[in-house]
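All chains should be built: construct the whole structure from the sequences, respecting the hints.
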Amino acid sequence: MGQKSAVDKLPEPLRKRLIELLNRPDVTQLEIVDAINAEAGEPLISKSSLNRYALRMKKFAEKNRQAREVAEAYLEKYGSDTRNKLGKVVNEQIRLVAFDLICELEELKESKDVDPKLMTEVIFKVSRGLKELEHAEKLNAEREDAIKELILKETAAKVEAVGKKKGVSKEAMETILAEVFRIQA
1 MGQKSAVDKL PEPLRKRLIE LLNRPDVTQL EIVDAINAEA GEPLISKSSL NRYALRMKKF
61 AEKNRQAREV AEAYLEKYGS DTRNKLGKVV NEQIRLVAFD LICELEELKE SKDVDPKLMT
121 EVIFKVSRGL KELEHAEKLN AEREDAIKEL ILKETAAKVE AVGKKKGVSK EAMETILAEV
181 FRIQA
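Straight run, no breaks: the sequence shown in the working numbering ends on number 185.
Mixed in with the good hints, there may be bad ones.
Computed cross-link-like contacts, DSS-like style, restricted to lysine-lysine with a CA-CA straight-line distance of at most 27 Å [to be verified]:
| # | residue 1 | residue 2 |
| --- | --- | --- |
| 1 | K138 | K125 |
| 2 | K131 | K63 |
| 3 | K47 | K59 |
| 4 | K4 | K16 |
| 5 | K4 | K58 |
| 6 | K148 | K138 |
| 7 | K58 | K47 |
| 8 | K4 | K47 |
| 9 | K77 | K153 |
| 10 | K165 | K148 |
| 11 | K9 | K63 |
| 12 | K166 | K153 |
| 13 | K170 | K153 |
| 14 | K59 | K131 |
| 15 | K77 | K138 |
| 16 | K63 | K77 |
| 17 | K63 | K4 |
| 18 | K9 | K58 |
| 19 | K164 | K153 |
| 20 | K131 | K148 |
| 21 | K165 | K153 |
| 22 | K153 | K138 |
| 23 | K58 | K16 |
| 24 | K59 | K4 |
| 25 | K4 | K117 |
| 26 | K125 | K59 |
| 27 | K77 | K148 |
| 28 | K148 | K170 |
Worth flagging that the hints you see were computed from the coordinates, not collected in a lab. In this text, all values refer to a predicted model and were calculated from it rather than measured experimentally.
Shown next, in the form of structure tokens:
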């Protein structure tokens with residue numbers, strides 16, 4: 001929507017150096033500005049542009065942390081299938097981005113800096129994307145449930161076959177199937 005920031009315009013080696021310095025708590029932002037501008041040989045960034053960039057990166061890191069926490073809580077509550085862990089984190093990240101986008105559009109709308117038609121189009125696309133995301137999650141959950149049900153039935157059938165071979169009574173087998181596999185014979 002806007003121009004690239006002064007930090008985003010830096011040559012890649014300087015930007016990497018800036019990020020490295022930002023991650024060091026013993027270096028102040030003023031020292032970073034001086035170091036980057038000295039390496040560049042000209043004033044490319046200001047304290048305010050660096051501060052805006054640092055705040056943006058801090059906000060981004062916080063959102064990632066929140067998304068991971070939500071995904072971890074979800075996985076703790078509903079299971080820890082590692083195959084789906086990344087997908088769940090990404091889904092939560094998309095929701096956070098969509099929410100932030102809508103909030104930013106609201107702010108832009110109030111300042112009259114955005115075309116209402118563009119805003120409507122963006123909100124429509126975001127909501128449609130979220131709907132498709134929800135649908136995909138639902139399909140994945142249904143597929144997982146179907147697989148678990150199939151495995152449960154196959155296992156129960158094998159247990160029943162072994163039980164019959166070993167002479168387990170019909171009553172004992174019905175109890176096993178009901179209590180272990182939740183299958184009524």
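**Study point:** Pair hint outcome, K148 versus K170 [Cα-Cα no greater than 27 Å]
**Key:** Since the Cα atoms of K148 and K170 sit roughly 25 Å apart, the hinted pair holds (cutoff 27 Å).
Exercise for review: Could you grab the alpha-carbon distance between K9 and K58 and see if it respects the 27 Å cut-off?
Suggested key: Roughly 19 Å separates the two Cα atoms, so the pair holds.
Exercise for review: Take a quick look at whether K166 and K153 sit within 27 Å of each other, Cα to Cα.
Suggested key: 20 Å, holds
Review point. If you draw a straight line from the CA of K148 to the CA of K138, is it 27 Å or shorter?
Key: Cα-Cα ~15 Å, so holds.
Check your understanding: K4 and K16: Cα distance at most 27 Å?
Key -> Holds. K4 to K16 sits at ~16 Å (cutoff 27 Å).
Practice item. Would you mind confirming whether the straight-line C-alpha gap from K165 to K153 stays at or under 27 Å? Key: 18 Å, holds
Check your understanding: Straight-line Cα separation of K9 and K63 no greater than 27 Å?
Key -> 24 Å, holds
Exercise for review: Would you mind confirming whether the straight-line C-alpha gap from K170 to K153 stays at or under 27 Å?
Suggested key: 18 Å, holds
**Study point:** 27 Å Cα cutoff - pair K138, K125
**Key:** Given that 27 Å is the threshold and the Cα spacing comes to 20 Å, the pair holds.
Review point. Can the restraint linking K153 and K138 be considered satisfied, given a maximum Cα separation of 27 Å?
Key: Holds, because 22 Å separates the two Cα atoms, which is no more than 27 Å.
Check your understanding: Given the proposed pairing of K164 with K153, does the C-alpha separation stay at or below 27 Å?
Key -> Since the Cα atoms of K164 and K153 sit roughly 16 Å apart, the hinted pair holds (cutoff 27 Å).
Check your understanding: Taken at face value, is the distance from the CA of K77 to the CA of K63 at most 27 Å?
Key -> At roughly 21 Å apart (the allowed maximum being 27 Å), K77 and K63 satisfy the hint.
Consistency with the previously given hints is maintained throughout, with no hint failing.
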